[in-house]
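Assemble the dimeric complex from its two separately framed chains, guided by the hints.
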Amino acid sequence: NAGVTQTPKFQVLKTGQSMTLQCAQDMNHNSMYWYRQDPGMGLRLIYYSASEGTTDKGEVPNGYNVSRLNKREFSLRLESAAPSQTSVYFCASSETNTGAYGYTFGSGTRLTVV
Amino acid sequence: RKEVEQDPGPFNVPEGATVAFNCTYSNSASQSFFWYRQDCRKEPKLLMSVYSSGNEDGRFTAQLNRASQYISLLIRDSKLSDSATYLCVVNPRGAGNMLTFGGGTRLMVKP
Numbered sequence: 188n189a190g191v192t193q194t195p196k197f198q199v200l201k202t203g204q205s206m207t208l209q210c211a212q213d214m215n216h217n218s219m220y221w222y223r224q225d226p227g228m229g230l231r232l233i234y235y236s237a238s239e240g241t242t243d244k245g246e247v248p249n250g251y252n253v254s255r256l257n258k259r260e261f262s263l264r265l266e267s268a269a270p271s272q273t274s275v276y277f278c279a280s281s282e283t284n285t286g287a288y289g290y291t292f293g294s295g296t297r298l299t300v301v
Numbered sequence: 010r011k012e013v014e015q016d017p018g019p020f021n022v023p024e025g026a027t028v029a030f031n032c033t034y035s036n037s038a039s040q041s042f043f044w045y046r047q048d049c050r051k052e053p054k055l056l057m058s059v060y061s062s063g064n065e066d067g068r069f070t071a072q073l074n075r076a077s078q079y080i081s082l083l084i085r086d087s088k089l090s091d092s093a094t095y096l097c098v099v100n101p102r103g104a105g106n107m108l109t110f111g112g113g114t115r116l117m118v119k120p
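For the protein sequence lines, the chains are F and C, in the order given. Going by the numbering used here, the residue at position 62 of the first sequence is 249; the numbering climbs one at a time, nothing skipped. Going by the numbering used here, the residue at position 92 of the second sequence is 101; the numbering climbs one at a time, nothing skipped.
Chain C with its partners taken away, still in its complex shape (with noise of 0.2 Å):
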């Protein structure tokens, strides 16, 4: 089993429709946990920090369930420029702490 499992997609979405992605993450004790977005052909940028509140940046709202272990990200009103892939980040606190990624779900907003 994957650390950090997610469904690559790709989400077809129509703009202003609200999507969700779901991650799951096999390591109970992990600690921190992000979402990224990945642009074609560029390098990964954090998105949002997800909390065990949860929590909000504008139209994006990340939450955490720690007992089921997944972690979720839903963006409302979907723009043409958040086609992207978004890649579920885990700390698992493992030997050395390394940040472990999901392979990304692919969204793809269209007109």
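Next up, chain F with everything else stripped away, as it sits in the complex (with noise of 0.2 Å):
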């Protein structure tokens, strides 16, 4: 049971360059969450789905976008990569949106940007 899978698991960036970050659940769950986590700031959430077909912008969602390819899937690029978004990101999947259940997380990607 994989349960959610995050792709790649590190990556150093040059400033500027772009690049997508991957996530698949096989959970069958409705609800998708994109965070980043920085020493000393806690887990931030950049963008979120509630269900298939729907975005919504977190507490920082500056600088990225999102794509809900279907109900497994969701991805979030940087269009231009900068040092500010050297940070560890985490791909969360929920049965609802209500987060009554909790969210299960993916092992993370280490993104440096140089």
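Derived from the structure by calculation, the hints contain no laboratory data. Remember, it's a predicted structure, so these values are computed and weren't measured experimentally. Using N, Cα and C, we set each Cβ at its ideal position, and we do this for glycine too. Each hint should be verified, as a subset may be incorrect.
To give an idea of the chain C side of the interface with chain F (calculated C-beta under 7 Å), a few residues [to be verified]:
1) S41
2) E52
3) P53
4) L55
5) F69
6) G112
Pairwise CB distance ranges (calculated) [said to hold, decoys possible]:
7) C:G25 x F:Q204: 49 to 57 Å
8) F:K244 x C:E14: 20 to 28 Å
9) C:D16 x F:F197: 30 to 38 Å
10) F:F197 x C:S90: 19 to 27 Å
11) C:N36 x F:T241: 17 to 25 Å
12) C:E65 x F:R264: 38 to 46 Å
13) C:E65 x F:F197: 34 to 42 Å
14) C:N74 x F:L256: 38 to 46 Å
15) F:L256 x C:P23: 46 to 54 Å
Pasting the structure below:
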């Protein structure tokens, strides 16, 4: 049972480069989320998708775009990477958009922008 | 004021000790409460949900005090493997019903 799978696990980008972080879940969850985690800042929500076909901004959406490709997949795109986007990125999913049963997280992507 | 506040620690305790963490939340309408555990350089994992009547899972006990808007986690007979960061998580029942994560409390259990 894979749960939430993120790729890649590690990435180094040069300033201005673009990339897409991939996330897929096999739990038939309706809602999916992208977080970033920085030292001393905790988890901050970038974007979320309450259900297939919808996406909304979270706390820190600037510099990112998302696509809910289907019920399973939710991707995060950095169009022009900046050093401030160096972080650990976590994708998560939940059965409902009420968070009543908590979230399941992927193992994360460690991104460094130089 | 942060929506969910935790003492960042670290809490340094010997093996076998009992340790308690508290967490306060600001939205009195919050409905769902959780404790997550996050190991170094790993993803957060659900440790336990927190119910109004309190609940226990082995050495772990979670309590909710709605009147004072705080949640607690008690760990008895600490093991080395309990060393991790413990995240307090609340569903503030606001727009979008997003879970709100506290900054975490770091626990280090020493031999």
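Verification of the supplied hints:
Of the supplied interface hints, the one on C:S41 holds, with its beta-carbon coming within about 5 Å of a beta-carbon of chain F, less than 7 Å. Checking C:E52 against chain F: minimum C-beta separation of about 4 Å stays under 7 Å; hint holds. Using the Cβ-Cβ criterion of 7 Å, the hint placing C:P53 at the interface with chain F is satisfied: the shortest such distance is roughly 5 Å. Using the Cβ-Cβ criterion of 7 Å, the hint placing C:L55 at the interface with chain F is satisfied: the shortest such distance is roughly 5 Å.
Look at C:F69: its Cβ only gets to about 15 Å from chain F, farther than 7 Å, so that hint breaks. This hint holds: C:G112 has a C-beta 4 Å from the nearest C-beta of chain F, less than the 7 Å allowed. A C-beta distance of roughly 51 Å is found between C:G25 and F:Q204, which places it inside the suggested range of 49 to 57 Å. The hinted window of 20 to 28 Å between F:K244 and C:E14 holds, with their beta carbons roughly 24 Å apart.
Against the hinted window of 30 to 38 Å, the Cβ-Cβ separation of C:D16 and F:F197 comes to about 32 Å, which satisfies the hint. The hinted window of 19 to 27 Å between F:F197 and C:S90 holds, with their beta carbons roughly 26 Å apart. Distance hint check for C:N36 and F:T241: the Cβ-Cβ separation is about 24 Å, which falls inside the suggested range of 17 to 25 Å. For the pair C:E65 and F:R264, the beta carbons lie near 44 Å from each other, so the given range of 38 to 46 Å is met.
Against the hinted window of 34 to 42 Å, the Cβ-Cβ separation of C:E65 and F:F197 comes to about 39 Å, which satisfies the hint. Taking the beta carbon of each, C:N74 and F:L256 are about 43 Å apart, inside 38 to 46 Å as hinted. Taking the beta carbon of each, F:L256 and C:P23 are about 50 Å apart, inside 46 to 54 Å as hinted.
Going down the numbered hints, you'll see the structure goes against just number 5.
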